[in-house]
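Visitor: Given only the sequences and the hints, what does the whole structure look like? Please build it.
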Amino acid sequence: MRKKIVIVISGPPGAGTSSIAKEIAKRLNLRYLSPGKTYKSFLNKKEAEAALEFWKTSFGSSKKLHERLDAYQIKEAKKGNIVICGKLSIFFLKDIADYKIWVDAPLEVRAKRTAQRDRIPFEEALKQISEREKMEREKWKEIYGFDYFDLKNDADLVLDNSNITLEEAVEKILRFIKNKK
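560 is the number of the first residue of the sequence shown in the numbering used here; add one for each residue after it.
Some hints could be false.
Straight-line C-alpha distance at most 25 Å; calculated DSS-like pairs for lysine-lysine [said to hold, decoys possible]:
1. K731 to K622
2. K731 to K563
3. K711 to K739
4. K637 to K585
5. K622 to K711
6. K739 to K581
7. K739 to K698
8. K653 to K622
Since the hints were derived computationally from the structure, they do not count as laboratory data.
Guide: This is how it looks when you write it as structure tokens:
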């Protein structure tokens, strides 16, 4: 029987985790889940703005909501054959995931990508990402007791996505998966 694969992709806002995770899922014919997209979809706004606004609500920053999202991703991961793209997924799925990948890029690169994706000025994207990052790090440290940027140390692969294309990033990850089997 074929093993049910679980791939986790995490990283800071704007690093390209969603695009990469979706493409990996497509290429490997796996399901895709983004716990963060689940709550951002409640707001009909550009992604960076929606995430920031959601964090500012009592519902968006509530421990109860995050516990539900955590339980949901664990349940889905246990079914297997999935790529999960979530900021805290490396932590919650450390014993389930076959491959844990941290995608990273400097703040300025992430802001530039976000500005292009959301069609907003660079300065606005930089401000939104910086605020979101600060809120996420503080709130999750309060809820879970750690800085999620430290999850980079628990990844099987840390991919610097600053100067490569989506295609190159996906190919590097697929090679890593193939070689790790």
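Visitor: With reference to the structure, classify each hint as holding or not holding.
Guide: Hint check:
no., hint, verdict
1, K731 to K622, "violated, 35 Å"
2, K731 to K563, "holds, 21 Å"
3, K711 to K739, "holds, 18 Å"
4, K637 to K585, "holds, 19 Å"
5, K622 to K711, "holds, 23 Å"
6, K739 to K581, "holds, 21 Å"
7, K739 to K698, "violated, 34 Å"
8, K653 to K622, "holds, 21 Å"
Hints 1 and 7, counting from the list given before, are not met by this structure.
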